[in-house]
Amino acid sequence: MALKIVKGSIDRMFDKNLQDLVRGIRNHKEDEAKYISTCIDEIKQELKQDNIAVKANAVCKLTYLQMLGYDVSWAAFNIVEVMSSSKFTYKRIGYLAASQCFHESTDVIMLTTNQIRKDLSSPNQYDTGVALTGLSCFVTPDLARDLANDIMTLMSHTKPYIRKKAVLIMYKVFLKYPESLRPAFPRLKEKLEDPDPGVQSAAVNVICELARRNPKNYLSLAPLFFKLMTSSTNNWVLIKIIKLFGALTPLEPRLGKKLIEPLTNLIHSTSAMSLLYECVNTVIAVLISLSSGMPNHSASIQLCVQKLRILIEDSDQNLKYLGLLAMSKILKTHPKSVQSHKDLILQCLDDKDESIRLRALDLLYGMVSKKNLMEIVKKLMLHVDKAEGTTYRDELLTKIIDICSQSNYQYITNFEWYISILVELTRLEGTRHGHLIASQMLDVAIRVKAIRAFAVAQMATLLDNAHLLTGNMQRNGICEVSYAAAWICGEFSEHLENPMQTLEAMLRPKVATLPGHIQAVYVQNAAKLFATVLKSQEGNTDSTAAQETSQLMIERLPLFVQSANLEVQERASCILQLVKYIQKLQQKDVEVAEEVSALFAGELNPVAPKAQKKVPVPEGLDLDAWINEPPSESESEDEQPKAIFTKEETKHSRPRHIEVDEKELARRREARKQEQANNPFYIKASPSSQKVYQDTPGVEHIPVVQIDLSVPLKVPGETQHQGLPMSDQYVKLEEERRQKERAEKKKKEKKKRKEKRSGRGKKHDSGPESEEDITPAHMVDIVTEEMPENALPSDDDDKDPNDPHKALDIDLDNLGEMAGRRPLADSEKLPVRSHRAVEAAKSPGEDGDAETVATQQPKKKSGKDKRDDKKKDKDKERKKSKDEKKKKKHKHEEKEEDLLRGEVHEPVVQSEGISQVAELPTSTSAEEAATVAAAEAPVAEVVSGAAQDSEPDEPKDTEMEETKSSKHKKKKQKKEKEEKEKKKKKRHHHHHRHSDGGGEESVQNGTVEEEEPLPSMSNYCLLAENSYIKMVYDIQGNLQDGSQVVVSVIFENKCDSFLKSMEFNVLDSLNSKLQRPEGSGPHDGLTVPFQLPPGVSNEARFVFTVQSIVMPQKLKGTLTFIVKNEESSTHEKLDFKLHFTCTSYLITTPCYSDAYAKLLESGDLKGSSLKLEGVNMPFHHLLARICFHHHFSVVERIDSCSSMYSRSIQGHHVCLLVKSSGQTVSIDAKCDEPTMLGNVLDEIKQTFSQC
Amino acid sequence: MIKAILIFNNHGKPRLSKFYEHYSEDTEQQIIRETFHLVSKRDENVCNFLEGGMLIGGSDYKLIYRHYATLYFVFCVDSSESELGILDLIQVFVETLDKCFENVCELDLIFHVDKVHNILAEMVMGGMVLETNMNEIIMQVDAQNKMEKSETFIFQSTRQDR
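Protein chains in written order, with UniProt numbering: chain B, 1 to 1251; chain G, 1 to 162.
Next comes chain B alone, as it looks inside the complex (with noise of 0.2 Å):
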């Protein structure tokens, strides 16, 4: 002992600790990953050894690793093992460790709740906070929930230190299990007031970022942070609550109109400048929320933008951002006011920050009209010039783009300007943004009609133009410009000048270097330009012409036959042999170009890209309604089910649809006809209807006026870039156009003063020249984007679903003030310490319910049906929880009765006929308690008493936890209280059934409806056990090799002593094998790859390989293991029997409805029955077993009758047909292997038969 002792210490002496890794890998430069690798090396053979100081430094030098980019996660359990040192030294290294490296898929974290628990509890303040510091990095939802309480009980410990550690976690923890909300939130509530202002600091911090999610459940807390922001010095807090008061007022503007003074106040007295700017940032809000026509705050908004002009003119870049910042806001709603600081604003976007250009850009935005914005793009074009960074540049080419297109177009007077700002930004070189440029041109060039024949030509140059097509294709995003400006030529090719060239253009060879969908569309264009080209051609006498053209495209075409691109080979294959036909006419000396171009008539309209989604539904079709009739219905419940499992059956069943008469036929042809001529977005076969459509009212009737254009279409002097336009020059254009106009006008107003002298007397309206006087240059009709008739005006689409913090949206009003209208339920309870439930993860009821049911609860509702809704969730809930504590309660007993388990049965629970609730799978129990005894082992359990002084609202519930004496009665009342809330429910259901219109529900694919929490299940069975250890076993099919399944055995050691060198081995047959290494004899045993620490389990896989799996098969093995305490060590084994069934061979698979009726009818199916008399639980707790157990899915479910189908390993359909009435259960099945089907139906009667 002592010599080992020494030992050790030499061993120390000579380690390295982590200064000396770091000069280590400072002097190994050239080498650092050799050198990283080697300490590596050494770091694993010190975590090896027992001394947990030895052990301690090693993973304090993981941790810098882990900061140098290292994979530390292969020494998760060693973190575990220096977190549980005793010392606080190793404690504290072991917990840094575990926040940087620790995550939620970190499997040890399991291992580590008991642990922390001791560490929350313990008398050293010093020991909980390094707990809880580590905890808020790793939290997990299945830590928080079993540490919730603990934390709770720390809000109100003695030490300062610890509250506010404690208060500040507690928001990781809603995040991870949102129900402690509810419970927990009084007490956060409490906290805020706390003498200590570091405590109220935390929980300041903590309900501002609730709030900030879902700021109206935080409304009733206003009152109170006024009073913290009248009375607070703390500049920290106060900066949080006026941040939290920002996202209040939108929602509550009395709230505004009562903080514009003191904000005020604030504004004028406080010398800190975080605190100024902030106040400032709270009164913009309030002034958004209040309407803001009011006159008695302009005061407010000019002294808010008087205090931001000097922020922006102070010489601190900070401040000159932050300042930028605020504008941007106040801009949305005060434009006016910020207009008129529009110098300092162009100012700053020639500052040489680029966050300050950044922020000036925004604000631009706001800054234009239809006077200025020709001169502030031009500007903004200088900068796109000078511009070094890319992101920069495509930050101003988007900016550009945003302020000219905004409000459709509002600010463009003159479009020929505009397009020729687009080609110029088709110069820029590596932009990511040529897609946007494309839009815009294609945009602008399908709705503004007048403007086409000028794109056209501008298009027509860019074609040409080959500097697109150089330069690096991958990194050049500026090619899509070309996507844009071949479809253009193609789709208006009228309005090309020649033709001929843009068509030549098109098919040039270096074409084939643009990127696919590019391509596809020249090629497409290509022919419809050479319809136009034909057309032109046609007229003319001289007909060689013509058929040079289509030579032309036969010679080209080729190259893109080739080309890689599915689309581009099928477009250019396609119209390849188009043409050679079209020349083969032509020699024939037959007029084509009719024809072809005939191709591409019609016009397009431009669809806005919402439209699809917002087709309403027609009246009087129900999505949802049956075509065929249900397969099943109440009253045909024995005939039905055969009609689809039965041959004979079917034969009668289909010809019944094809008798349908043909009177009837032709009158829903009538019907459907008249159907699609309403529907505008039905297309249409015969090209007539296309008349039809664009006849009827409301699609085209905007008229497109042509005007003649002031401004002429070339631009004189146009010849400096290649061809290229100046947008320069259309500005002087624009100018003199505008200063025309002017003077006409002026002749007018003369005109009219005349007029109005010689006395006619009539008010005439002409002030000065306001900026809405600028007449656009060509009246475009800018041509709305379509949308469905009646589209429904909801812009609710972009809403993330996967939002965490949608979970916490609880309302937390009344709690515990007003007893009577909701107080805690008792299921909102926090989890008191019990026995731990971790199946959870594999059981699809539980938690992972629980937390959709949460997140499910619909936002966006009105009125009553929330409310309504809400109520029901809440019922769900509560009754989950419940039903959860019952189970714990449940295994409480068990634990005591240890040798009752695997024969559970609970008389009580059952006579009272709502068994499902409380009832276990037997299979559970087992594996359950195995778990349970690791997650317990090693701390006593004593159920901490701490919730119930603080929780006055539910000490009954908590009395009815601990008091087993009373516990029979109380469970009743319970029980009473369920039925009435299960009554409750049902008739929430009906309601929703009447007002759904008779809508049959039905359930696809396995998406059970929730009706009622399901028990939690798990396929873990006992393999065997002893004194020592304890096996449990699952066996999966491997999906991708036919002849595989995984048996999953957890081992758990059940004594004080540590297990190693265990061995598992199996006794093959003929049918099944274990796979084992290569090399290794056929009764070789596997070695299991893990040790087993007292209380610890863990869990291997094995793969055994099988040939047939008709029939369930039994093997015999043995687990040989050493059993090492510190006195001696001894070699013990344990047989088994591992018990191959038919279900293990099943896959779940899902199996469309659709696809389910063709495999039933194909005939190639045998089929079986099965009656089970005497189940007791609801329809879909039976199918939820079956799906669950014998990895079926549910295909479709009406009522209480479901079809259901799985697949084994090897191919074999299984599908059955479940339908209960009463206790009575019967399942049809049907499968292409009888033997195998047999035996899982026996399997799924022996599942039941245990409960």
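Don't read these hints as lab results, they were simulated from the structure. As the structure is a computational prediction, the values presented were derived from the model and not from experiment. Built from N, CA and C at the ideal position, the CB exists for glycine as well. Treat the hints with caution; some may be incorrect.
[What the hints assert, rightly or not] Some, not all, of what chain B presents toward chain G, calculated at C-beta under 7 Å:
#1 Val22
#2 Met67
#3 Asp71
#4 Lys172
#5 Gly198
#6 Ser269
#7 Met273
#8 Ser274
#9 Glu278
#10 Asn318
#11 Ser355
#12 Phe1102
[What the hints assert, rightly or not] Derived coverage of chain G by chain B (criterion: at least 3 residues anywhere in the stretch with Cβ under 8 Å from a Cβ of chain B; other residues may be distant):
#13 68 to 74
#14 95 to 104
On the provided structure of chain B, position chain G as indicated by the hints.
Same frame as chain B, now just chain G:
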């Protein structure tokens, strides 16, 4: 919320990285590199806020940094934090380091990254600001260090006993 706190030197070598959200080691390194790239090319007298980090956060997030001699202190925060407040916090952090290490320099951070972590843990917890009062922070850090010392003393003395 603070999403990450990074300290690296003028050459982009990480001296401390604290992520309050999980990323893989590779992503973390990438974030550090990207952040360094963004921050290092900025002039001295420009503002301390930076948008446009692609890897972390997205549009709601900002980088707020300060440059001290050879080191960059970068905080990645979302819109719930006050920009100027975080700048102050960085100042408090550096001053605290200065007090704890007595004239802090880069080498202190290089060799005692664990201590820096411990100090940081008293200021920011799980991405939320825990304490901004420098004296309070230093008091807690000292108390913990004292405890550590007493433990090693006991440890050594027990060893000598045997």
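Close enough to count: is the Cβ of Asp71(B) nearer than 7 Å to one in chain G? With Cβ-Cβ at 5 Å, under 7 Å, it holds.
For the hint on Glu278(B), just tell me whether its beta-carbon gets within less than 7 Å of chain G. holds (6 Å)
Cut-off 8 Å, C-beta pairs, minimum 3 residues; does the coverage of the stretch 68 to 74 of chain G by chain B stand? violated (count 0)
Does Phe1102(B) hold up as a contact with chain G if the rule is Cβ-Cβ below 7 Å? violated (30 Å)
Can you verify the interface hint for Gly198(B): is its Cβ closer than 7 Å to any Cβ in chain G? holds (6 Å)
Report holds or violated for chain B covering the stretch 95 to 104 of chain G, Cβ cut-off 8 Å, minimum 3 residues. With 0 residues closer than 8 Å to chain B, the stretch 95 to 104 of chain G misses the three-residue bar; violated.
Taking 7 Å as the limit, does the beta-carbon of Met67(B) come near enough to a beta-carbon in chain G? holds (5 Å)
Return the status of the interface hint for Ser269(B): holds when the least beta-carbon distance to chain G is below 7 Å, violated otherwise. violated (17 Å)
Restraint check, 7 Å cut-off on beta carbons, for Met273(B) near chain G: holds (6 Å)
Interface hint compliance - Ser355(B) to chain G, C-beta minimum distance less than 7 Å: Hint on Ser355(B): holds, closest Cβ of chain G at ~5 Å, below 7 Å.
Please verify that hint: Ser274(B), Cβ, nearest Cβ of chain G, below 7 Å or not. holds (3 Å)
Hint validation: Asn318(B) versus chain G, beta carbon distance must be below 7 Å. Holds or violated? holds (5 Å)
Of the numbered hints stated above, those contradicted by the structure are hints 6, 12, 13 and 14, listed in ascending order.
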